[in-house]
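Here the protein sequences come in this chain order: A and B. The first sequence: position 13 = 13 (the working numbering), numbered continuously. The second sequence: position 292 = 292 (the working numbering), numbered continuously.
Don't take every hint at face value.
Claimed, not checked - Think about it this way: if two alpha-carbon atoms lie no more than 27 Å apart in a straight line, the pair counts; the simulated BS3-like pairs of lysine-lysine are:
#: 1; chain 1: A; residue 1: Lys-96; chain 2: B; residue 2: Lys-340
#: 2; chain 1: A; residue 1: Lys-91; chain 2: B; residue 2: Lys-186
#: 3; chain 1: A; residue 1: Lys-60; chain 2: A; residue 2: Lys-3
#: 4; chain 1: A; residue 1: Lys-96; chain 2: B; residue 2: Lys-186
#: 5; chain 1: A; residue 1: Lys-96; chain 2: B; residue 2: Lys-377
#: 6; chain 1: A; residue 1: Lys-96; chain 2: B; residue 2: Lys-40
#: 7; chain 1: B; residue 1: Lys-186; chain 2: A; residue 2: Lys-3
#: 8; chain 1: A; residue 1: Lys-95; chain 2: B; residue 2: Lys-396
None of these hints come from the bench; they were simulated from the model.
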Amino acid sequence: MGKLKELYQYRTMISSLIQRDLRGRYKGSVLGFAWTFLNPLLQLIVYTIVFSIIMRAGIKDYYLFLFVALIPWLFFSNSLTGGAGCILMQKDMVKKIYFPREVLPISVVTCQFVNMLLSFIVVFAVLLVSGKGLNPIAMLYLVPVMIVEYLLALGIAFVTSAVTVYLRDLEHMLVIVAMAWQFLTPVMYSIDMAPEKIRFALYLNPMASVITAYRDILYYKKAPQLNTLMVATALGVGFLVVGWFLFGRMERHFAEEL
Amino acid sequence: MQQENAIEVNHISKCFKVYSDKGHELKDHIVSGKRKNYTKREVLKDVSFSVKKGEAIGLVGHNGCGKSTTLKLLTKIMYPDSGTIEMRGRVSSLIELGAGFHPDMSGRENIYINASIFGLTKKEIDRRLDDIIAFSELEGFIDNPVRTYSSGMYMRLAFSVAINVDADILLIDEILAVGDAVFQAKCFNRLREIKAAGTTVVIVSHSLQQIEQFCERSLWIQDGRIQAEGQPREVHSRYLDFMGKRRQKIGSSTDASDKTGKDRWGNGNARITDIRLLGESGAPQSVFKTGESLRIQMDYEVIRPVEDAVFGIGIFRTDGLRCYGTNTRLERFERFDLRKGGCLELDLHEVNLLPGEYSIDLTIECDVGIPVDYYTKALRIEMYSDIQDVGVSRIKHTWTFDRHCETDGGNETL
């Protein structure tokens, strides 16, 4: 509890690190902050060209089908790979200054989260412009789904960032893990395409239910399946508690290991 | 924890694992077991001390003695292996300046980032912003990106932020060397104000003078233990004495000079064969405290008789300045010849050379200055002092206040 209070005291640090990242990222480029929106938009254009002209998937509006899942997935995978190195990257600070170390993974994941929210402006715009539209009732589920995903990403970032300090290989291993994880998550396909026998196994992956929920809400314009989402929520909270605990154990020796 | 204390350190110990080759890679963990290849180094051994509220203490000691580790433990960057540290109040540290600065962002934006890392909230920073900018004297540049700053400006900005974080306990590591002399004086005055306002201060510094000016108490840490503690001036002179003797040992063990050639010339009719440098106690010594006496003994042999011989000495500072030089002729010795070898002793009384390294030339000449054995840099000595007066040599002096208003204790003689 003391830790939470302390984190609250350092809230400005979290927000200013996020701001520094978001604004620092495109500093010096001509278009600047506009890249935050341009990036997902350009990606969408590429997918549209590939999947509606070159490789026709049997799914209607496949580019939308993919896009509404890809944006949330990118948040998760960026948190996974970017979160791992976050303590290492700030090692000068960690070695010299006291602050609750949790600040670093929290700000990296939150920064990615904010980035996703900004991308969602593009997602909404595309859904409206393409004539797909939005279902206000289904949209009510969007916020809880996002929170579940945030908890999952944060819990994992706690673990990976702390372990990377002791085991530097993890950062590189995670790039492969993220790729494999993406294929095991129904980002490019729908989970119904998987053989029924292994579908259950796929749902063990909490991201499967999260991504399916996003797609239900935005693409199919319907309320997501609550049972799998409950499992994902439980896993999200579990990840966070375990991550928090492990991080707290390992952070005591950060300054010596770096 | 006692009421009047701000910091209580109880029996802390800290070990570091020193890896022969620190491996962070997976293969190091699994394959080679490299990480087991370490020696334990005890940096702090059962250290206890406490600091009263509003007190300022200095930590002194040579490099690697554990003083910076102590500060890191106080900052909670590291944790002790055993023992406890209790602190009361908000702790701030002037250890790393300019943490989190982003070169592309303006000075103002960086103030927010940097101050937030010290745990200030936006509101608290808003309140201090004007003070910080005014203190840094960067009003005209505050909205320019930090990358356009000179390194002096950069440090000024960083220091201004750090010093305006109002803390109950302030930990400082060797950073009062920021900016030009004027700005340094300003920083120092600001620290005095902070202290006067009741902040507890712990300073680690190699500048004993700063600690003497600022702190009521000094802790001398030696090999992970507290060697002495008390009034800074007393502790420091003991520390300097100790360091002088210690350097002595190092100095004598590395001093294996048997030089001939370019540092030594002459016709060779007589030759200095051995030189001994002795301290007041009569034992060999090469590091002296300013004001100590030293004795030089030299053995010489005579190959061919030297007529009208002159012995001389020259003392040079490392930058080449001749601090003193004399010879037997200048001092109007009666003419003498060297016919057989012998030993000459020269006593230098109260050598008041200020701290630094000096070399001594010893010479034998004859007639009108024909070198017989001109031995340059024959000896090397090192001076140290617990007073930081400046110049070449100390002049014995007395300060006296107006005698009418002071009856006793009004003057101090060095």
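- [ ] Identify every previously stated hint that the structure contradicts and give their numbers, smallest first.
- [x] 1, 2, 3, 5, 7, 8
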